[in-house]
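Respectively, the protein sequence lines represent chains C and X. Residues in the first sequence are numbered consecutively from 1, following this note's numbering. Residues in the second sequence are numbered consecutively from 1, following this note's numbering.
Heads up, some of the hints might be wrong.
[To be verified] Simulated crosslink set (BS3-like; lysine-lysine; CA at most 25 angstroms straight-line):
#1 C:K139 x C:K286
#2 C:K98 x C:K67
#3 C:K288 x C:K146
#4 C:K98 x X:K16
#5 C:K289 x C:K146
#6 C:K98 x X:K17
#7 C:K174 x C:K139
#8 C:K137 x C:K174
#9 C:K100 x C:K67
#10 C:K16 x X:K115
#11 C:K12 x X:K115
#12 C:K16 x C:K139
Calculated directly from the structure, the hints in this document are not laboratory data.
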Amino acid sequence: MDLSYYPGCTLKTIAKGLEDSAIASMNALGIRLVELERWNCCGTVYSLAEDDLAHHLAPVRNLIRVKEQGGDRVGTLCSFCYHTLKRANLLVRNDGEKRKTLNDFMEEEIDYNGEVEVVHLLEVLRDEVGWDAIAGKVKVPLHGLKVAPYYGCTLLRPQEVAIDQVERPTIMQKLMEAIGAEAVDFPYATECCGSFQTVGNPDFITQRAWEILSSAMRRGAEAIVLTCPLCHFNLSQRQPELAQKYSDFHGMPVFYFTQLLAISLGIGPEVCHFELSSGEPLSLLKSKKLVS
Amino acid sequence: MRVEISSRRLGSDFVKKVAEISGQDLLACNQCGKCSAGCPMCFAMDLLPNQIIRLAQLGLEEDIAASNTVWLCASCLTCTVRCPRGVDVGRVMEAIRLVTLRKNVDYVGASDIPKDRIGELPQIALVSSFRKHTA
Numbered sequence: 001m002d003l004s005y006y007p008g009c010t011l012k013t014i015a016k017g018l019e020d021s022a023i024a025s026m027n028a029l030g031i032r033l034v035e036l037e038r039w040n041c042c043g044t045v046y047s048l049a050e051d052d053l054a055h056h057l058a059p060v061r062n063l064i065r066v067k068e069q070g071g072d073r074v075g076t077l078c079s080f081c082y083h084t085l086k087r088a089n090l091l092v093r094n095d096g097e098k099r100k101t102l103n104d105f106m107e108e109e110i111d112y113n114g115e116v117e118v119v120h121l122l123e124v125l126r127d128e129v130g131w132d133a134i135a136g137k138v139k140v141p142l143h144g145l146k147v148a149p150y151y152g153c154t155l156l157r158p159q160e161v162a163i164d165q166v167e168r169p170t171i172m173q174k175l176m177e178a179i180g181a182e183a184v185d186f187p188y189a190t191e192c193c194g195s196f197q198t199v200g201n202p203d204f205i206t207q208r209a210w211e212i213l214s215s216a217m218r219r220g221a222e223a224i225v226l227t228c229p230l231c232h233f234n235l236s237q238r239q240p241e242l243a244q245k246y247s248d249f250h251g252m253p254v255f256y257f258t259q260l261l262a263i264s265l266g267i268g269p270e271v272c273h274f275e276l277s278s279g280e281p282l283s284l285l286k287s288k289k290l291v292s
Numbered sequence: 001m002r003v004e005i006s007s008r009r010l011g012s013d014f015v016k017k018v019a020e021i022s023g024q025d026l027l028a029c030n031q032c033g034k035c036s037a038g039c040p041m042c043f044a045m046d047l048l049p050n051q052i053i054r055l056a057q058l059g060l061e062e063d064i065a066a067s068n069t070v071w072l073c074a075s076c077l078t079c080t081v082r083c084p085r086g087v088d089v090g091r092v093m094e095a096i097r098l099v100t101l102r103k104n105v106d107y108v109g110a111s112d113i114p115k116d117r118i119g120e121l122p123q124i125a126l127v128s129s130f131r132k133h134t135a
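The whole structure should be built from the sequences, with the hints applied where relevant.
Below, the structure is given as structure tokens:
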């Protein structure tokens, strides 16, 4: 099966490990991710102002690209892209007046009425591949790896875009169990890492990262697993500072869910681009004899 | 703290603008504090999110302008999904930011970010920050 795929900007740079491991894993599971021929930045954040239609143009144009190619669905990997495309799509679908204004302004070849469905890859894994089928394809079960699923914000809030229960998601826990890892539940799983405040207020991100990582550590996690390139950056990049400040902190690897999926499917670490990650993720996998 | 409440302030342009841009009924808030209880950035805020809503209800624009709260909001929307009165607090924070930004005032300037950090920051961080914090 083919699935139209919108990568977004960050997956072409520091989150290359998320993209390549996803494409390879989905291939192994029988789904070919086909990148859109043309796409632009999604705008990253959904405008929360009633009178600001201009910032909905970027995500809507991407949805038009999907429709132009004859697609009725688009898959996303980055949590920010998922959120922005999904919400802009719902706006166009549900608000006739704004839909008309947007279409009149864009002067695209075709009008857009919200026909495309926006899905996150985790939803595809759950709803179309299924946990049992994934478990059946696992070649290297991640036995002995204790990993804490961290969801962050944009996959779960607000309710209308949530891929799982808003306050008590289990989708990544189920994926981790399907690939043989031990999922560690912890109270900060859905708390925000501080997001884009990393640009103007990096010290506050250090504090957020410590609260989240130390909570996972207290629950016995050896690593974090997540979907969002910004959460990945915020939780891994502050770790050297945290190690200096807290003597009992020795670093905690942060994985994209697709990296652990690829390893479990026996694809090998090359597609994971661990060279772009800090916190020694490869060393942890080697110590568990999950990669050679 | 002595606070002057007047009908002039309650019906001020500021209150109208915040209500219009956010699409929210500010008076629906009954100050339960649930938004502040769940806010991940409130450790660094000088006023709590529910206090900002209260000040907005009363039209106390200057007190809001002097506070760092709306600028530290990360739009994580925890407050929005938990508000028992259905107030989308994230939208109120955005509206208050926009009232300032639309006066052509930036909170973050691209030139303030050290060059080595610009190179390492993910694009989604930079674009989001500029979207939320620049005019």
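Index of numbered hints that the structure contradicts, given in increasing order | Failing hints: none at all.
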